[in-house]
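Residue 5 in the UniProt record's numbering is what sits at position 5 of the sequence shown, and the numbering runs on without skipping anything.
Hints may be right or wrong, so weigh each one.
With a straight-line cut-off of 20 Å between C-alpha atoms, the simulated DMTMM-like cross-links for lysine to aspartate or glutamate are [said to hold, decoys possible]: (1) K65 x E90; (2) K71 x E88; (3) K235 x E224; (4) K219 x E274; (5) K65 x E88; (6) K68 x E23; (7) K43 x E7; (8) K43 x D67; (9) K71 x E90; (10) K68 x E88; (11) K37 x D80; (12) K65 x E23; (13) K43 x E23; (14) K273 x E301; (15) K235 x D246; (16) K37 x E7; (17) K273 x E23; (18) K68 x E90; (19) K43 x E301; (20) K219 x E301.
Distance ranges between label pairs, derived from CB positions [as the list claims (entries may be wrong)]: (21) S110 x I309: 47 to 55 Å; (22) E224 x K79: 55 to 63 Å; (23) D238 x L66: 38 to 46 Å; (24) G91 x I296: 39 to 47 Å; (25) I255 x I296: 31 to 39 Å; (26) F251 x G91: 35 to 43 Å; (27) N240 x G40: 53 to 61 Å; (28) D349 x S110: 48 to 56 Å; (29) Q181 x D342: 52 to 60 Å; (30) H113 x N39: 25 to 33 Å; (31) N253 x T344: 54 to 62 Å; (32) L347 x D80: 42 to 50 Å; (33) H113 x D243: 51 to 59 Å; (34) S106 x Q181: 26 to 34 Å.
Derived from the structure by calculation, the hints contain no laboratory data.
Each residue gets a CB set at the ideal place from its N, CA and C atoms; glycine is no exception.
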Amino acid sequence: ILQINMESLTRAKCVVINHLAQEHNAQVILLQETHTKYNGNIKICGYHLIGAIHHAHHGVATLVKLDKNAKHVAQSLYKDTTQWIAIEIEGFTIVNIYKPPSTQFSSLPSYTHPVIYAGDFNCQHQLGLSKEHTRREALANWASIQDKKQANTFFSARWQSGTNPDLVFFSPTNNHMPSPQRSVLSRFPNSQHRPVVKFHPALVTPTPSRPSACWNFRKANWTEFTKETSSFPFKLPDPNSTDVNDLYSRFCNMIISTSNNHIPRTYIPGWDKECTNIASELESATTTKRAQSIGIPGQQEWSNTVSEINMKHSSRRALQTINRLTGQSHKPQTQNQVKAKDVTKVLVDSGK
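All chains should be modelled from the sequences, with the hints used to inform the complete structure.
What follows is the structure, given as structure tokens:
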């Protein structure tokens, strides 16, 4: 699980989140303070949005990997002071939480084991600041009632210390089950919060399966691919002098090997070699420089796409391009659900 307070979600930040999610093999992404208005503003390649609460100054969003089965359980109402979204994935209930700093801590829903509550509570525990705080006591009381255990502390860039608001609680495990793990990553561009990766071992060890290949054919080097595959007939033995099954297996291995060399699989739109170098040298590079570097490829793509728009030839295509670039799209038209009884009634009335 990858969780972070975004402090306003932008396209450049989505690219960084995508990079971190692939690097740490995150199955679920929990975002707080998205500051979004539409679902189209929350796009991360390889993940689908399963729940979102939009707000001009707050907002939360939960995304799940495309190959995972998850369902939306419940979420807070618009009038609630604490925003939360609960989902269920592979037997686990994950609650994404954000409590605005100027509001009182409200009660959260109670779910059976195993459950994880993660997010930005904006409440200091007694192990943090020495100043007494009513919201801190409310959070501690709720945690004691729910019998949830606190994971490792979260590093705050605001206080420059290892003590920070309580950000994750998980239902207790027995002695025979490994405990969840939690690690804090490095700084994030234009955000005081740092990304947090949470790992909770599955109750039942899944059977390993062959992963599905996700090829990016748009970035493939087809010239070299064709040149290398054209030499296959000279490398394979004569079909009449060897086993057909062995010949087929060797041919498949050669195709896969050639594809790995010339067809990328981990391509992230907007993430280039310069971004990779800056990310690896994060301690010496400022977050502003990193965010600007990530935004340059997106701005270049925007300029190239907009320059090709011709309103004289096709205004519809131009509007579709603008909506795609801005993340806005028309709401799908709702179709009337016609039932079989309605059709039967019309036929009977017509016969009369």
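Here's how the hints hold up against the structure:
Taking the CA atoms of K65 and E90, the gap is about 12 Å. The hint holds against a cut of 20 Å. Restraint check for K71 and E88: satisfied, since their Cα atoms lie roughly 5 Å apart, inside the 20 Å limit. A threshold of 20 Å between alpha carbons decides the hint, and for K235 with E224 the separation of about 17 Å falls inside it, so the pair holds. Pair hint K219 plus E274 holds up; C-alpha atoms about 18 Å apart against a cutoff of 20 Å.
For a cut-off of 20 Å, the pair hint linking K65 to E88 stands: about 13 Å separates their Cα positions. Taking the CA atoms of K68 and E23, the gap is near 18 Å; set against the 20 Å cutoff, the hint holds. At roughly 16 Å between alpha-carbon atoms, K43 and E7 fall within 20 Å of each other, so this suggested pair holds. Between K43 and D67 the CA atoms are separated by roughly 16 Å; this keeps the pair inside 20 Å, and the hint holds.
Proximity of K71 to E90 is assessed by CA-CA distance (about 10 Å); at most 20 Å being required, the pair is judged to hold. At most 20 Å may separate the alpha-carbon atoms for a hinted pair to count; K68 and E88 meet this at roughly 11 Å. Between K37 and D80, the direct Cα distance comes to roughly 18 Å. Compliance with the 20 Å bound is thereby established for this hinted pair. Between K65 and E23 the CA atoms are separated by roughly 14 Å; this keeps the pair inside 20 Å, and the hint holds.
Under the criterion of a C-alpha separation no larger than 20 Å, the hint pairing K43 with E23 is consistent with the structure, at around 18 Å. With a C-alpha separation of about 16 Å, the suggested pair K273 and E301 falls inside the 20 Å cut-off, and the hint holds. The hinted pair formed by K235 and D246 meets the criterion: a straight-line CA distance of about 14 Å does not exceed 20 Å. The hinted pair formed by K37 and E7 meets the criterion: a straight-line CA distance of about 14 Å does not exceed 20 Å.
For the hint pairing K273 with E23, the CA-to-CA distance comes to about 15 Å; that is within 20 Å, so the pair holds. Note on K68 and E90: the hinted pairing holds, with a Cα-Cα distance of about 8 Å set against a maximum of 20 Å. Under the criterion of a C-alpha separation no larger than 20 Å, the hint pairing K43 with E301 is consistent with the structure, at around 17 Å. At roughly 15 Å between alpha-carbon atoms, K219 and E301 fall within 20 Å of each other, so this suggested pair holds.
One distance hint, 47 to 55 Å for the beta-carbon pair S110 and I309, holds here, with the actual separation near 52 Å. One distance hint, 55 to 63 Å for the beta-carbon pair E224 and K79, holds here, with the actual separation near 59 Å. Between D238 and L66, the C-beta spacing of about 43 Å keeps the proposed range 38 to 46 Å intact. At about 43 Å, the beta-carbon gap between G91 and I296 stays in the expected band of 39 to 47 Å.
Between I255 and I296 the Cβ separation comes to about 36 Å, which falls inside the hinted range of 31 to 39 Å. For the hinted restraint 35 to 43 Å between F251 and G91, the CB-CB distance of approximately 41 Å keeps it satisfied. The given range of 53 to 61 Å is respected by N240 and G40, whose C-beta atoms sit roughly 58 Å from each other. In this structure the hint that D349 and S110 lie 48 to 56 Å apart at CB holds, the actual value being about 52 Å.
As the Cβ distance of Q181 to D342 is approximately 55 Å, the hint placing it in 52 to 60 Å holds. Between H113 and N39 the C-beta distance comes to about 31 Å, which sits within the given range of 25 to 33 Å. Between N253 and T344 the CB atoms are about 58 Å apart, so this pair conforms to the stated range of 54 to 62 Å. Against the hinted window of 42 to 50 Å, the Cβ-Cβ separation of L347 and D80 comes to about 49 Å, which satisfies the hint.
One distance hint, 51 to 59 Å for the beta-carbon pair H113 and D243, holds here, with the actual separation near 53 Å. Taking the beta carbon of each, S106 and Q181 are about 29 Å apart, inside 26 to 34 Å as hinted.
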